[in-house]
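Trainee: Chains as they are written, first to last, in this note's numbering: chain D, 6 to 380; chain U, 6 to 380.
One should not assume that every hint holds.
Claimed, not checked - Sample of chain D residues with no beta-carbon within 12 Å of chain U, all distances over it, derived:
| no. | residue |
| --- | --- |
| 1 | Pro93 |
| 2 | Asp190 |
| 3 | Pro270 |
| 4 | Asp292 |
What the hints assert, rightly or not - If we take Cβ atoms under 7 Å as the criterion, some of the chain D residues that face chain U in the derived model are:
| no. | residue |
| --- | --- |
| 5 | Glu30 |
| 6 | Thr58 |
| 7 | Gln60 |
| 8 | Val62 |
| 9 | Asp65 |
| 10 | Gly69 |
| 11 | Ala145 |
| 12 | Arg222 |
| 13 | His263 |
| 14 | Met344 |
| 15 | Val345 |
For the record, the hints were derived by calculation from the structure and aren't laboratory data.
C-beta: ideal position from N, C-alpha, C; glycine also.
Number of protein chains: 2
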Amino acid sequence: MSRAGSAQGALGERRARLLLARMGEPYDEWVQALVAEHGVEDLVGYALRDGRTPQGVRLDRLVGRRERALEADDAHIARSLGARVLVPGDEEWPVEVDQLLAPPWCLWVRGPQRLDEVPGRSVAVVGARACTAYGEHVTAQICVELAEKGFVVVSGAAYGIDAAAHRAALAVDGRTVGVLAGGVDVPYPRANSDLIARIGRVGALVSETPPGGAPARMRFLARNRLIAALTTGTLVVEAALRSGARTTVRHARELDRHVLAVPGPVSSLMSAGCHAEIRMGATLVTDAGEVAEAVGRIGDDLAPLKRGVVRDEDDLTEDLRRVWQWLRPRASSSVDEVMVRSGLAVREVLSALGELEELGLAEQLLDGWRRRSAR
Amino acid sequence: MSRAGSAQGALGERRARLLLARMGEPYDEWVQALVAEHGVEDLVGYALRDGRTPQGVRLDRLVGRRERALEADDAHIARSLGARVLVPGDEEWPVEVDQLLAPPWCLWVRGPQRLDEVPGRSVAVVGARACTAYGEHVTAQICVELAEKGFVVVSGAAYGIDAAAHRAALAVDGRTVGVLAGGVDVPYPRANSDLIARIGRVGALVSETPPGGAPARMRFLARNRLIAALTTGTLVVEAALRSGARTTVRHARELDRHVLAVPGPVSSLMSAGCHAEIRMGATLVTDAGEVAEAVGRIGDDLAPLKRGVVRDEDDLTEDLRRVWQWLRPRASSSVDEVMVRSGLAVREVLSALGELEELGLAEQLLDGWRRRSAR
Chain D
6 MSRAGSAQGA
16 LGERRARLLL
26 ARMGEPYDEW
36 VQALVAEHGV
46 EDLVGYALRD
56 GRTPQGVRLD
66 RLVGRRERAL
76 EADDAHIARS
86 LGARVLVPGD
96 EEWPVEVDQL
106 LAPPWCLWVR
116 GPQRLDEVPG
126 RSVAVVGARA
136 CTAYGEHVTA
146 QICVELAEKG
156 FVVVSGAAYG
166 IDAAAHRAAL
176 AVDGRTVGVL
186 AGGVDVPYPR
196 ANSDLIARIG
206 RVGALVSETP
216 PGGAPARMRF
226 LARNRLIAAL
236 TTGTLVVEAA
246 LRSGARTTVR
256 HARELDRHVL
266 AVPGPVSSLM
276 SAGCHAEIRM
286 GATLVTDAGE
296 VAEAVGRIGD
306 DLAPLKRGVV
316 RDEDDLTEDL
326 RRVWQWLRPR
336 ASSSVDEVMV
346 RSGLAVREVL
356 SALGELEELG
366 LAEQLLDGWR
376 RRSAR
Chain U
6 MSRAGSAQGA
16 LGERRARLLL
26 ARMGEPYDEW
36 VQALVAEHGV
46 EDLVGYALRD
56 GRTPQGVRLD
66 RLVGRRERAL
76 EADDAHIARS
86 LGARVLVPGD
96 EEWPVEVDQL
106 LAPPWCLWVR
116 GPQRLDEVPG
126 RSVAVVGARA
136 CTAYGEHVTA
146 QICVELAEKG
156 FVVVSGAAYG
166 IDAAAHRAAL
176 AVDGRTVGVL
186 AGGVDVPYPR
196 ANSDLIARIG
206 RVGALVSETP
216 PGGAPARMRF
226 LARNRLIAAL
236 TTGTLVVEAA
246 LRSGARTTVR
256 HARELDRHVL
266 AVPGPVSSLM
276 SAGCHAEIRM
286 GATLVTDAGE
296 VAEAVGRIGD
306 DLAPLKRGVV
316 RDEDDLTEDL
326 RRVWQWLRPR
336 ASSSVDEVMV
346 RSGLAVREVL
356 SALGELEELG
366 LAEQLLDGWR
376 RRSAR
């Protein structure tokens, strides 16, 4: 039997992917290996026909959900939810997710934001659910500015950092995408239902779990790889040493995307994960400008160099500064005194005093010279 | 005239260096250039004889303090202060300072700590004078442990981070060295006089400025290069973007020593300098273990890897975890239910349930299986 003509023929790649998404968990190495060997269409065909590959490998793991998968009318579900399902080859398919070791079979999307536009100019903002007020504050500050700069803020709609990131982007009418572990019609956590609904109205909700699918722990971990793959870089704002956010970072690193982290007090357990990431090579960032510089377009998004307060005296030549610092603000000094103290020759001292006077940094009194400050 | 026989002959390198230290400011490029050309002995000889080099370069900058330098009886001063003066070639001379572009002419030392032992196992701990309570706390915590591990804590005896570092080392009878901008007999700032005296009794006070010399702004900047040169690495705990501490870091970097920085809240101006240094390549450190690992001996000082709390469920294989997470803690699930939910075949589910039961993570009831937690 030839592979193409054997099991399915009329099934088609698209239908096969939708069925596979319902029959198998995402991020399952076993299924990925079988797909690599047989292709999606053939593998799903085998599972539907007699539950084993021509080589005799039993596909029980897929067969268990076979009947339910066949019953689901995905086209109808999509219409009723105002959602769409993307597969590779669709114009809106974000090809960047194909770089994953375990790419999704399909992506359910709900909301006006086109998904193929996201990876090019976006930041995944992730972190602790149980974040501190500091983390929430910094997230809001950075995400407002990133959204204003045109970056899509991508996160997981969870409590804490995730919610703060989405809310900040929404607050300035920026673009934001929520990647969910359950179906795009299953808001989780429940308390974030309003937020999630808003993201779906103006941005996009994305999931590889078909509608109705429950958010389960394994799906959260799998979801994190999508967040990394859909973005130009991943920013972790606050995370404990052991944190789901760090799995997103790990994926971003594997995908060779930018990894950024916000520091915090070393005494804060919620910053320990960020510090560990910086020690492992993540770029320390303190504001949106530095994030944009790292993940943005060269030229457009260069962060301004941070400088301290400029004091005029700092811009003096060495000789001028040397004389200036030996002058006193509230008592006069003779040229001889300045000469001995500064270690300069008399000519040098006189020339320096003249220049300082012109700059308004020294003043000649009856009995000598007095220091003045620039302002 | 030959150089050796011309100006001084009997002056000697040691005496010439002591005089030069009194006549010229340290860190003066002009004097350094002349020394490079003529050597210390000849140059000082020229300054003492007719105030110009054989090539006619006027040495006014040195001559201004010539009389005072000749009047000073350094041997007597050293005895009366219980101090010593080191020059290159002395057994206690820390040869590491010779790596500086502008090495000191001599070093005045007061206190029992041998200076040549410092660079091999020491940390410069520097930072803002106007530090926060956070900075002071972290400095104390890190320096207590560094001192206990046998590192010499080197700093500048200033307010803030400097004082906290010295105090922490002294508190555990550790070793500490204060590098001063003025003479070793000129405690500055005055309010730290007791602290400085204590450092001189049990550690060492070091300065290239001869006794009696006032601490002047330029000398603080020059002093910072000595702090960097005398240590294995430099740790900046808190620093504003524009901060003297960052000049120490710059020197440490030029000398290819380790540069370390403690992070803090991004909203703290006193951490902005640290964050800038980390972005420029400094190693982020959060505790003494990580400092010791960076600057210490390989093997001896490896920091323990930070781990989060280990939960037994995390150590499960993928199949076990998949089954475990689909079980409910307070209601039972049938094997069929678990099979459909987990996407595993019945054999896999039964085998996983058995293993989970053995691990105490699942429990068989009359009507199915229930999840149990490890503790």
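Trainee: Each hint needs a verdict: does it hold in this structure or not?
Mentor: Verification of the hints:
Even its closest Cβ contact with chain U, about 22 Å, leaves Pro93 of chain D beyond 12 Å, as expected for a residue assigned away from the interface. The Cβ of Asp190 of chain D sits about 19 Å from the closest Cβ of chain U, beyond the 12 Å cut-off, so the non-interface label holds. With a least beta-carbon separation of about 6 Å from chain U, Pro270 of chain D fails to lie farther than 12 Å from that chain, contradicting its non-interface assignment. With a closest Cβ-Cβ approach of about 7 Å to chain U, Asp292 of chain D is found to fall inside the 12 Å limit, against its non-interface label.
Among the interface hints, the one on Glu30 of chain D holds; its C-beta lies about 5 Å from the nearest C-beta in chain U, closer than the 7 Å criterion. Evaluation of the Thr58 of chain D hint against chain U yields a violated restraint, the C-beta minimum of about 14 Å exceeding 7 Å. With a least beta-carbon distance of about 17 Å to chain U, the hint placing Gln60 of chain D at the interface is violated under the 7 Å criterion. For Val62 of chain D, the shortest C-beta to C-beta distance to chain U is roughly 12 Å, which exceeds 7 Å, and the interface hint is violated.
For Asp65 of chain D, the interface hint holds, since its Cβ comes within 7 Å of a Cβ in chain U; the closest pair sits about 3 Å apart. With 7 Å as the threshold, the beta carbon of Gly69 of chain D comes within range of chain U, its nearest partner Cβ sitting at about 5 Å, so the hint holds. The restraint placing Ala145 of chain D at the interface with chain U is violated, with a minimum CB-CB distance near 12 Å, outside the 7 Å limit. Hint on Arg222 of chain D holds. Least Cβ distance to chain U is approximately 5 Å, under the 7 Å limit.
At its closest, the beta carbon of His263 of chain D sits 14 Å from a beta carbon of chain U; the interface hint therefore is violated under the 7 Å criterion. For Met344 of chain D, the interface hint holds, since its Cβ comes within 7 Å of a Cβ in chain U; the closest pair sits about 5 Å apart. Because the smallest distance between the Cβ of Val345 of chain D and any Cβ of chain U comes to about 6 Å, under 7 Å, the interface hint for this residue holds.
Checked against the numbered hints above, the structure breaks hints 3, 4, 6, 7, 8, 11, 13 and satisfies the rest.
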